[in-house]
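**Student:** Residue strings, one per chain:
2 protein chains.
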Amino acid sequence: MKKTNQIDRRAFLTRATVGGTVAATGAALAAPAIAQEMPEVKWRLTSAFPKSLDTIYGGAEVLSKYLSEATGGKFQLQVFAGGEIVPGLQAQDAVTDGTVEACHSVGYYSWGKDPTFALGSAVPFALSARAMNAWQYHGGGIDLYNEFLATHNIFGLPGGNTGAQMGGWFRKEIASVDDLKGLKIRVGGFAGKVLERLGAVPQQIAGGDIYPALEKGTIDASEWVGPYDDLKLGFYKVAPYYYYPGWWEGGPTVHFFFSKEKYESLPDNYKSLLRTACQAVDADMLQKYDHLNPVALKELVASGAQLRSFSAEILDACYKAANEVYAELEASNAPFKKIWDSLKVARADWYLYNQTSEYTYDTFMMIQQRNGTL
Amino acid sequence: MKKTNQIDRRAFLTRATVGGTVAATGAALAAPAIAQEMPEVKWRLTSAFPKSLDTIYGGAEVLSKYLSEATGGKFQLQVFAGGEIVPGLQAQDAVTDGTVEACHSVGYYSWGKDPTFALGSAVPFALSARAMNAWQYHGGGIDLYNEFLATHNIFGLPGGNTGAQMGGWFRKEIASVDDLKGLKIRVGGFAGKVLERLGAVPQQIAGGDIYPALEKGTIDASEWVGPYDDLKLGFYKVAPYYYYPGWWEGGPTVHFFFSKEKYESLPDNYKSLLRTACQAVDADMLQKYDHLNPVALKELVASGAQLRSFSAEILDACYKAANEVYAELEASNAPFKKIWDSLKVARADWYLYNQTSEYTYDTFMMIQQRNGTL
Chain A
1 MKKTNQIDRR AFLTRATVGG TVAATGAALA APAIAQEMPE VKWRLTSAFP KSLDTIYGGA
61 EVLSKYLSEA TGGKFQLQVF AGGEIVPGLQ AQDAVTDGTV EACHSVGYYS WGKDPTFALG
121 SAVPFALSAR AMNAWQYHGG GIDLYNEFLA THNIFGLPGG NTGAQMGGWF RKEIASVDDL
181 KGLKIRVGGF AGKVLERLGA VPQQIAGGDI YPALEKGTID ASEWVGPYDD LKLGFYKVAP
241 YYYYPGWWEG GPTVHFFFSK EKYESLPDNY KSLLRTACQA VDADMLQKYD HLNPVALKEL
301 VASGAQLRSF SAEILDACYK AANEVYAELE ASNAPFKKIW DSLKVARADW YLYNQTSEYT
361 YDTFMMIQQR NGTL
Chain B
375 MKKTNQIDRR AFLTRATVGG TVAATGAALA APAIAQEMPE VKWRLTSAFP KSLDTIYGGA
435 EVLSKYLSEA TGGKFQLQVF AGGEIVPGLQ AQDAVTDGTV EACHSVGYYS WGKDPTFALG
495 SAVPFALSAR AMNAWQYHGG GIDLYNEFLA THNIFGLPGG NTGAQMGGWF RKEIASVDDL
555 KGLKIRVGGF AGKVLERLGA VPQQIAGGDI YPALEKGTID ASEWVGPYDD LKLGFYKVAP
615 YYYYPGWWEG GPTVHFFFSK EKYESLPDNY KSLLRTACQA VDADMLQKYD HLNPVALKEL
675 VASGAQLRSF SAEILDACYK AANEVYAELE ASNAPFKKIW DSLKVARADW YLYNQTSEYT
735 YDTFMMIQQR NGTL
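Keeping their order, the protein sequence lines are chains A and B.
So the first sequence is numbered by my numbering: it starts at 1 and just counts up by one.
So the second sequence is numbered by my numbering: it starts at 375 and just counts up by one.
A couple of the hints might just be wrong.
DMTMM-like cross-link-like pairs, simulated, lysine to aspartate or glutamate; straight-line CA separation at most 20 Å [unchecked claim]:
#1 645/B <-> 61/A
#2 271/A <-> 467/B
#3 439/B <-> 268/A
#4 718/B <-> 61/A
#5 611/B <-> 690/B
#6 555/B <-> 690/B
#7 344/A <-> 673/B
#8 65/A <-> 673/B
#9 184/A <-> 215/A
In silico contact screen, one side only, chain B against chain A (beta carbon under 10 Å); selected entries [to be verified]:
#10 460
#11 461
#12 509
#13 511
#14 572
#15 576
#16 579
#17 580
#18 590
#19 600
#20 718
Just so you know, these hints were derived from the structure itself, not from any lab.
All C-beta atoms, glycine included, are put in the ideal place defined by N, C-alpha and C.
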């Protein structure tokens, strides 16, 4: 077990209730008052994800269920899969331009428009799922991100997390930084920028086209999500080396993006319900992944997947290259810098704290697992 | 960094719309239908915790706020601090016997009545917060626990988590298992049983009495919660050695316990809202702890707290003793065995899976923190 007792000491109903005059005023006034409190709301939500990803696509269906059930069917969210209204990668645009009232997507899909979008979801070597949630809900992260999102006509709430993703599937072992040179890897956004600096050649390929590209050798590697989602696509058959960690997504948040005007037009009780339901869905997706991924990982390994961790040399080089990209963004993009500065403070505090109970507890339990004494 | 690309392949291979008829029927029927869907509900909730623990006590207030806001004040939960209606440790009894409709407590406070209660909250060397949530929401844990709770007239839902707790405050350093002999430590339930086997002398002392007992040396050590809560009580001044991990609470769930009959008498929309709101509050408490604990830990260390990890020898001995207690409970308590068997499967899967992306990602980030390169 890693010695962890050597931490450097130096490092170290507020609002009024909504509405509600019905009961006291009797039947004559009941109908109009209720109509105001419980209007029929029908929104369309376009998911960025295909239905086959029941975990991540499923998050929007869970939100729809929670809202409908709690309002006796009055607040309806009709969920469309990626491609049904607009292509998955354009879900955020469809909210910004008013095509739909809501979408379920990840901020980094809009990296090309403004890298600041990515800060609400995941950027390389940032926060784990728990730390990301702490920063968002109690460290000011939700408000900071919404300051930026408002300039795109969006009000956003966290709506899921996958946990730390895997690094992806490789046709050959990657032993050193040299092995990255010329590597055609399907990966986008920030991670692509970083890998490009190390000589890799990032590729943009839609999910359904990855398998044949790996099979033919048109590409050498591809990232996807984690064991449960990856198992379905069968990558282990054509690119058996399954690397970790996915250093570009240590705890990515999936978001519900709502039209800012539509959100603001809701009565206060619906606004509160929507926030509560999103917070529940946000937790639920991670809970579902954390239940399904361990079982799927065993099945992958039994099917022939070869687990490999990126070497320290590779991680160090990627970290260095990522910090160069961060420095450029800080210098050129003020909204990016404002949010990133806040994230960095949270990151430093978390990764000091996390060395105590959480890490040593987990480490001890993993030792038992390896020793066969669990 | 621990080499984690050497996971034994054999380890993998061997484990192998509710309601809602109102709108269609028009104004004449609207009032009675709405009255049925949105009745005035006023429940009393007794918390097991004092108001001074704003994190853990605060969870019940957050639930009250979420319910009230979403229903325009119709569903009210009046929150009482521990001691206002019944003493904190009797909160569960007050629900079982119908004194109140709800409480906010931890199952292990009822360990003396039946150790099975503790399985829904925390038992030694069990699941971390994320794994506990995965098991509860998607691994059948909530239903399994409720089978047991029903025999005490309770319907329970997770309502908070503190994350892995610290091991507590010690007046002297504990270097070996021998140092536990005769140690008077304020700790209860299952952990007390385990430490007793190693020669320690567990003590039961109310929260407010711990500080003077440590100061006078009436006791040698005391567990409490984690940095944020512990800082308020000032233990670092009289028992400066702050040990981790709290192996008896790797990710304890705080519960909302409701009168089963009262829960079942709610209309379906309120039932759903209550479940959604509890899931949100459950997440919110951990998010709050995870934001506050890192900052508090720095302050504790700056104030003189001396961080220490329990030695491998001590952890191994505690793990062995805990397994002896488990064996006795499995043999003597069938409801305990049923839930514990399910938890153990989840634990084995999680601590295999967790060795991949999550652990290596966190490890890399902690190395940067120690190197001053974060």
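**Student:** For the pair supplied as a hint, residue 65/A and residue 673/B, is the alpha-carbon distance within the 20 Å limit?
**Tutor:** violated, 43 Å
**Student:** Below or equal to 20 Å on CA atoms is what counts here, so check residue 439/B against residue 268/A.
**Tutor:** holds, 13 Å
**Student:** Go through the hint on residue 718/B and say holds or violated, using the shortest Cβ distance to chain A against 10 Å.
**Tutor:** holds, 8 Å
**Student:** Using Cβ atoms only, decide whether residue 572/B comes closer than 10 Å to chain A, and label the hint accordingly.
**Tutor:** Because about 16 Å separates residue 572/B from the closest Cβ in chain A, which is outside the 10 Å limit, the hint is violated.
**Student:** Measuring from the C-beta of residue 460/B to each C-beta in chain A, is the shortest one below 10 Å?
**Tutor:** violated, 23 Å
**Student:** Under the criterion of a CB-CB separation shorter than 10 Å, is residue 600/B in contact with chain A as hinted?
**Tutor:** holds, 7 Å
**Student:** Can you confirm whether the C-alpha distance between residue 344/A and residue 673/B stays at or below 20 Å?
**Tutor:** Given that 20 Å is the threshold and the Cα spacing comes to 19 Å, the pair holds.
**Student:** Need the status of pair residue 271/A, residue 467/B: alpha-carbon distance at most 20 Å?
**Tutor:** The hint is violated at about 36 Å.
**Student:** For residue 645/B and residue 61/A, compute the direct alpha-carbon distance and say whether it is at most 20 Å.
**Tutor:** Roughly 19 Å between the alpha carbons, so the hint for residue 645/B and residue 61/A holds.
**Student:** Report holds or violated for the interface hint on residue 509/B, using the least CB-CB distance to chain A and a cut-off of 10 Å.
**Tutor:** Holds: closest Cβ of chain A sits about 7 Å from residue 509/B, inside 10 Å.
**Student:** Taking only the CA atoms, is the gap from residue 184/A to residue 215/A under or equal to 20 Å?
**Tutor:** holds, 13 Å
**Student:** Holds or violated: residue 579/B as interface residue toward chain A, Cβ cutoff 10 Å?
**Tutor:** With a closest approach of 22 Å, the residue 579/B hint is violated.
The structure shown violates the earlier hints numbered 2, 4, 5, 8, 10, 11, 14, 15, 16, 17 and 18.
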